[in-house]
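Student: Sequences are here, hints too, so could you generate the full structure?
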Amino acid sequence: MSAEQRTPVSFSVAKADDPHMQPKARNPKRTEALLALVMLLGIASLIGFIVAYFMNAESWIMGAFMGAGALLLGFGITAWGKYLMPQGPFVEERHRMSGTPDQRARFKAAVVQRGGGILGRRKVLAGLAAAGMGIFGLLALVPVIRSFGPLPENTLGVTQWKRGTKLVDSTGRGIHVNDVAVGGVVTVFPEGMVNTDNGQAVDQTILIRLTTQDFTTRPGRESWGPAGYVAYSKLCTHLGCPVGLYEQQLQLLVCPCHQSMFNVANGAEPTFGPAPRPLPQLALYVDDEGYLRAQAPYDQPVGPGYWTRS
Amino acid sequence: MTTVNGATNEDYGKLGKTLDELDDRFGISKGGRNLMDKIFPDHWSFMLGEIALYSFVVLLATGIFLTFFYVPSTNLVVYHGSYVPLQGQRVSEAYASTVNLSFQVRSGLLIRQMHHWACDIFLAAMVVHMARVFFTGAFRKPRETNYVLGSTLLILGIVEGFLGYSLPDDLVSGTGIRIAFSIIESIPLVGTYIAFFLFGGNYPGPAIIPRFFIIHVLLIPLIMLGMVTVHLFLLVHQKHTQFPGKGRTEHNVVGTPMVPIFAAKATGFLLMVTGGIALLGGLAQINPIWQFGPYEASKISYAVQPDFYMGWLDGALRIFPAWEWTGFGYTIPLEVFIPALVIPGIIFGIVQLWPMIERKWTGDDEMHNLLDLPRNRPKRTAFGAALFSLVAVLFLASSTDVVANFLHVSLEGTLWAMRILTIITPFIVYFFTYQICKELQKAPDATKRKRANVVKRTAQGEYITEKAPERPGDAHVELPAEPVPDFIDLGDEAPAKAKSNGHLDPVTENGVRQVLR
Numbered sequence: 001m002s003a004e005q006r007t008p009v010s011f012s013v014a015k016a017d018d019p020h021m022q023p024k025a026r027n028p029k030r031t032e033a034l035l036a037l038v039m040l041l042g043i044a045s046l047i048g049f050i051v052a053y054f055m056n057a058e059s060w061i062m063g064a065f066m067g068a069g070a071l072l073l074g075f076g077i078t079a080w081g082k083y084l085m086p087q088g089p090f091v092e093e094r095h096r097m098s099g100t101p102d103q104r105a106r107f108k109a110a111v112v113q114r115g116g117g118i119l120g121r122r123k124v125l126a127g128l129a130a131a132g133m134g135i136f137g138l139l140a141l142v143p144v145i146r147s148f149g150p151l152p153e154n155t156l157g158v159t160q161w162k163r164g165t166k167l168v169d170s171t172g173r174g175i176h177v178n179d180v181a182v183g184g185v186v187t188v189f190p191e192g193m194v195n196t197d198n199g200q201a202v203d204q205t206i207l208i209r210l211t212t213q214d215f216t217t218r219p220g221r222e223s224w225g226p227a228g229y230v231a232y233s234k235l236c237t238h239l240g241c242p243v244g245l246y247e248q249q250l251q252l253l254v255c256p257c258h259q260s261m262f263n264v265a266n267g268a269e270p271t272f273g274p275a276p277r278p279l280p281q282l283a284l285y286v287d288d289e290g291y292l293r294a295q296a297p298y299d300q301p302v303g304p305g306y307w308t309r310s
Numbered sequence: 311m312t313t314v315n316g317a318t319n320e321d322y323g324k325l326g327k328t329l330d331e332l333d334d335r336f337g338i339s340k341g342g343r344n345l346m347d348k349i350f351p352d353h354w355s356f357m358l359g360e361i362a363l364y365s366f367v368v369l370l371a372t373g374i375f376l377t378f379f380y381v382p383s384t385n386l387v388v389y390h391g392s393y394v395p396l397q398g399q400r401v402s403e404a405y406a407s408t409v410n411l412s413f414q415v416r417s418g419l420l421i422r423q424m425h426h427w428a429c430d431i432f433l434a435a436m437v438v439h440m441a442r443v444f445f446t447g448a449f450r451k452p453r454e455t456n457y458v459l460g461s462t463l464l465i466l467g468i469v470e471g472f473l474g475y476s477l478p479d480d481l482v483s484g485t486g487i488r489i490a491f492s493i494i495e496s497i498p499l500v501g502t503y504i505a506f507f508l509f510g511g512n513y514p515g516p517a518i519i520p521r522f523f524i525i526h527v528l529l530i531p532l533i534m535l536g537m538v539t540v541h542l543f544l545l546v547h548q549k550h551t552q553f554p555g556k557g558r559t560e561h562n563v564v565g566t567p568m569v570p571i572f573a574a575k576a577t578g579f580l581l582m583v584t585g586g587i588a589l590l591g592g593l594a595q596i597n598p599i600w601q602f603g604p605y606e607a608s609k610i611s612y613a614v615q616p617d618f619y620m621g622w623l624d625g626a627l628r629i630f631p632a633w634e635w636t637g638f639g640y641t642i643p644l645e646v647f648i649p650a651l652v653i654p655g656i657i658f659g660i661v662q663l664w665p666m667i668e669r670k671w672t673g674d675d676e677m678h679n680l681l682d683l684p685r686n687r688p689k690r691t692a693f694g695a696a697l698f699s700l701v702a703v704l705f706l707a708s709s710t711d712v713v714a715n716f717l718h719v720s721l722e723g724t725l726w727a728m729r730i731l732t733i734i735t736p737f738i739v740y741f742f743t744y745q746i747c748k749e750l751q752k753a754p755d756a757t758k759r760k761r762a763n764v765v766k767r768t769a770q771g772e773y774i775t776e777k778a779p780e781r782p783g784d785a786h787v788e789l790p791a792e793p794v795p796d797f798i799d800l801g802d803e804a805p806a807k808a809k810s811n812g813h814l815d816p817v818t819e820n821g822v823r824q825v826l827r
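So the sequences go chain by chain: A and B.
Under my numbering, residues 1 to 310 are what the first sequence spells out, in order.
Under my numbering, residues 311 to 827 are what the second sequence spells out, in order.
What the hints contain is simulated information worked out from the structure, not anything from laboratory work.
Remember, it's a predicted structure, so these values are computed and weren't measured experimentally.
Wrong hints could be hidden among the right ones.
Straight-line alpha carbon distances no greater than 25 Å define the calculated DSS-like cross-link-like pairs of lysine-lysine that follow [to be verified]:
id, chain 1, residue 1, chain 2, residue 2
1, B, Lys766, B, Lys777
2, B, Lys451, B, Lys689
3, B, Lys556, A, Lys24
4, B, Lys327, B, Lys340
5, A, Lys123, A, Lys108
6, B, Lys670, B, Lys689
7, B, Lys766, B, Lys752
8, B, Lys348, A, Lys82
9, B, Lys348, A, Lys15
10, B, Lys777, B, Lys752
11, B, Lys556, A, Lys82
12, B, Lys451, B, Lys556
13, B, Lys340, B, Lys324
14, B, Lys348, B, Lys327
15, A, Lys82, A, Lys29
16, B, Lys556, B, Lys752
17, A, Lys29, A, Lys15
18, B, Lys609, A, Lys162
19, B, Lys777, B, Lys556
20, B, Lys348, B, Lys556
21, B, Lys348, B, Lys451
22, A, Lys108, B, Lys451
23, A, Lys24, A, Lys82
24, B, Lys556, A, Lys15
25, B, Lys348, A, Lys24
26, B, Lys609, A, Lys166
27, B, Lys689, B, Lys752
Tutor: As structure tokens, this is what we get:
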């Protein structure tokens with residue numbers, strides 16, 4: 001220890017009776033006792049949590065002990081700070097954020113002069129270094145662009161429905177023309193695609209039986225609805241939610257996400273809500289054994305809109 | 311306060327020695343003392359940001375716990391856990407592990423529900439904190455950067471919340487991911503590319519759960535942690551703002567010092583926030599994914615609402631008209647792109663750029679450390695209230711179906727009511743807020759005293775506001791603020807040990823009120 005460090009220094013001292021040092025509480029002794037009790041209860045409750053944990057108690061019991069314990073203990077500590085510690089108020093000066101005019105001038109001179117003078121003297125090198133660093137930074141983006149996924153190309157425009165694809169339900173069974181009663185609804189998939197991601201997420205189609213007669217939903221679709229069966233893509237044209245609700249009386253398909261409604265008797269034309277387009281219809285036919293099959297792929301992309309859709 | 315002399319290194323025993331050793335190595339004495347004396351102004355509204363901070367801490371702690379049990383995989387497994395209704399079902403590993411950590415891991419359900427509640431509280435606290443900063447003008451020079459950091463944290467928090475909500479791979483969250491894919495798809499030109507690169511292909515893609523997982527548990531939390539650190543550093547470095555009042559100027563801070571008073575209050579508050587979250591996590595069920603069932607792309611649940619912070623986006627999607635644009639061989643799904651991306655973009659854009667906008671508008675380039683009372687900036691206050699009301703109406707619009715059912719109004723009527731409300735509410739709110747601010751400005755001494763004014767009704771039925779007569783205890787008595795002393799002379803109350811040390815015996819020079827720094 002050097003002698004210099006031993007030199008006494010001056011302190012500012014507040015006397016205990018200085019009003020700034022007084023607690024806010026009117027009766028500090030009573031407050032202290034009360035807070036001690038609160039903190040004690042809090043600690044007991046926290047111990048209660050540990051006990052409950054080891055007894056593998058119900059979740060709500062553990063939560064109640066932990067919550068009550070932390071709340072009580074926290075309240076005690078906060079109230080100690082607020083009511084029993086010196087009430088102040090105390091003050092502190094704000095110092096200028098900025099440097100002195102001299103410091104500023106020297107800093108600016110260094111930036112401008114060093115940058116402009118030394119770097120600016122070799123303009124070609126400075127330009128190359130800047131461009132090179134920029135390209136180096138871009139390297140970080142390259143994998144994002146091509147390693148993370150395939151290009152979209154025409155993926156969004158196609159489904160697994162082909163000419164002759166058999167309709168099957170979620171258990172993989174074909175749909176016989178006599179299987180569904182009038183007013184009935186089945187979610188169907190292309191045969192073999194039931195348990196695939198694509199089959200579930202993209203190809204899902206809703207099959208509805210409207211009558212027992214061939215049904216035309218729209219001029220030009222005369223042969224699409226054999227024996228009263230019509231099939232539409234189940235992906236809402238708004239945001240791709242499954243259009244899962246069928247209102248039989250009104251012959252409306254309703255999307256539970258944002259309440260778009262589609263009139264199934266009229267080509268699934270949207271009658272309400274934010275969906276902009278009808279659900280694409282799948283043309284059906286009945287094969288020799290009486291099972292439903294697709295006449296052709298969907299004539300347009302299914303699901304919501306995107307830039308290259310049309 | 312008085313000045314005393316005398317203090318050497320031997321005075322403070324073992325702890326003093328340790329502090330010396332630390333100072334030798336890290337130079338802590340100057341900065342450490344400054345930090346201890348750091349003054350925090352007192353106002354209830356300054357603790358809103360603290361709620362956000364502490365719930366963020368709870369999120370980190372509970373989140374780390376969850377990562378030990380959650381399996382980020384969409385591989386299908388047969389569920390054999392303890393929740394009977396699901397037994398034998400084919401579910402993804404992500405879903406099975408979430409159900410298992412809820413039912414089979416001790417305290418797992420509590421921690422998971424605390425994590426979810428902490429997220430909702432975190433986001434709500436950030437919104438309210440930001441509103442406080444906005445309405446009191448705390449964002450003005452020199453604090454623009456911190457304001458932008460904070461509002462960016464809110465955006466990141468919303469994204470982070472959505473990702474976390476998606477991870478259990480249950481029926482409800484899966485539908486949310488489907489909607490997110492479609493929203494990204496709607497971006498003109500690059501939308502499908504972004505969607506395919508993020509999902510690793512067409513929806514649902516092979517990678518979404520593992521990718522959301524790593525973004526949720528590493529990427530975004532790391533960015534947020536960094537930003538929170540800078541946010542707090544700037545808060546300390548630039549010092550807190552304060553409301554105008556006795557002895558408070560642009561050049562000082564009046565309040566309580568960091569150690570021990572603010573530290574005690576803050577520590578206790580951390581515990582209280584944690585306790586509140588633990589009570590909610592224990593007693594209030596949230597996101598019971600076992601009831602929703604596992605995600606299957608062709609299934610959907612009815613009347614489920616997203617978490618509150620997504621509600622306003624959902625509402626905008628519901629009420630926007632079905633305007634798909636097609637031309638030149640291209641499609642722009644305006645009915646998705648505008649409500650889901652353009653409108654939130656504009657709202658967040660205005661919020662983020664507000665310090666710049668206001669500066670341009672008012673030409674005010676001064677440093678501001680004293681806060682505004684909202685009434686004294688009626689245009690800003692009215693604008694902020696209008697923006698808030700817009701988001702609130704959009705939020706309400708996310709429940710059109712529930713409202714229609716509840717009030718027995720047709721869905722169509724509800725939809726049109728929401729559309730009209732969305733357009734007119736901000737203007738109505740602007741007008742009334744502005745008027746209220748102007749009226750409040752006229753009220754003498756409002757906020758200075760409790761019941762500062764009396765409203766009287768004349769015989770003719772006219773209402774008049776008058777100053778209330780003075781009453782004892784009306785005036786807020788506050789001592790003049792003083793710098794934090796080096797130590798307190800406890801006199802007779804001092805603990806024996808401190809007294810025996812000898813040097814605490816002050817050489818009092820009565821009447822000298824001087825502070826040496």
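Student: Go through the numbered hints given earlier and state which of them the structure violates, listing their numbers in rising order.
Tutor: The structure conflicts with no hint, since it agrees with every one listed earlier.
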